[in-house]
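Participant: Throw the hints in and build the complete structure from the sequences for me.
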Amino acid sequence: MNLPSLSGKRAHIWQRLSALYLLIYLPYLAWITLSLPNQADLMILSSNLLSPIYLLPSLIAILLLLIHVWVGLRDILIDYTPRARTVLWLWGLRWLLILVSLNLVWVLFRLFLVP
Amino acid sequence: MYQHPGKRPVFISLIKIRFPVNAWLSAGHRISGVMLFIALLGYLSLINLLLLNDSVTLDSIRTHWILLSLHTGFWIAMSFHWLTGLRHLMAEHFTAEKHYQRINSPQVSQLLLISWAFLSSAIFYQVWWL
Numbered sequence: 001m002n003l004p005s006l007s008g009k010r011a012h013i014w015q016r017l018s019a020l021y022l023l024i025y026l027p028y029l030a031w032i033t034l035s036l037p038n039q040a041d042l043m044i045l046s047s048n049l050l051s052p053i054y055l056l057p058s059l060i061a062i063l064l065l066l067i068h069v070w071v072g073l074r075d076i077l078i079d080y081t082p083r084a085r086t087v088l089w090l091w092g093l094r095w096l097l098i099l100v101s102l103n104l105v106w107v108l109f110r111l112f113l114v115p
Numbered sequence: 001m002y003q004h005p006g007k008r009p010v011f012i013s014l015i016k017i018r019f020p021v022n023a024w025l026s027a028g029h030r031i032s033g034v035m036l037f038i039a040l041l042g043y044l045s046l047i048n049l050l051l052l053n054d055s056v057t058l059d060s061i062r063t064h065w066i067l068l069s070l071h072t073g074f075w076i077a078m079s080f081h082w083l084t085g086l087r088h089l090m091a092e093h094f095t096a097e098k099h100y101q102r103i104n105s106p107q108v109s110q111l112l113l114i115s116w117a118f119l120s121s122a123i124f125y126q127v128w129w130l
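Top to bottom, those sequences are chains H and P.
All the letters of the first sequence, read from the start, carry residue numbers 1 to 115 under my numbering.
All the letters of the second sequence, read from the start, carry residue numbers 1 to 130 under my numbering.
Worth flagging that the hints you see were computed from the coordinates, not collected in a lab.
Even glycine gets a Cβ: it sits at the ideal position worked out from N, Cα and C.
There are no misleading hints in this set.
Ranges of calculated distance between the beta carbons of each label pair, as one might list FRET restraints:
| no. | chain 1 | residue 1 | chain 2 | residue 2 | range |
| --- | --- | --- | --- | --- | --- |
| 1 | P | I61 | H | L104 | 17 to 23 Å |
| 2 | H | A84 | P | G42 | 27 to 33 Å |
| 3 | P | I31 | H | L99 | 21 to 27 Å |
Facilitator: In structure tokens form, the structure reads like this:
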């Protein structure tokens, strides 16, 4: 990864697209959270968010959230880290997001596929 | 860029510079974004803990101050990020001078801050008292 290869235009488009989607999804998430019973356990919480009706919107939201995080934090690192170490920071962020993504897949697997 | 003839470093005190409200809101958008990412890592750690340790249940930690603080921080940062993000999107969409100036006016900034204060109070009440 080198700095000139990072496209600002493509990142901007993805940032806007994901922002538009999350702009609608997040009030919905707040509404779902408020409408849950206080004593709900982890399975009830996750089954609400990932029930068949909401599964696709929630999975799209998770995917777009990861893209939004990547572009947003990437811009912050490019703007504020010392130039000599920016690429190193970006690699760190990339690996952190890869680990988060793998962990998310494992969590979804454990919640829904393991009895 | 200007350079002092003696090539001495110039100290710029950020405290002495008076930024407009919009600059604070823009910086706040980034800061709240970083806070949200940290909060999401916190939630992910919590789910991992619940899945890996059978003795820990959501019921047993429901009223723990760490979890309540996580909820509070997440939703307060989220509401700020959402409101300022909405304004960013509107400013990029409505580019006609009249609309653009209105979206970036001090009145809209004040309205945004008042809305955020109201939402934050509601979040505090919802998380800590209900």
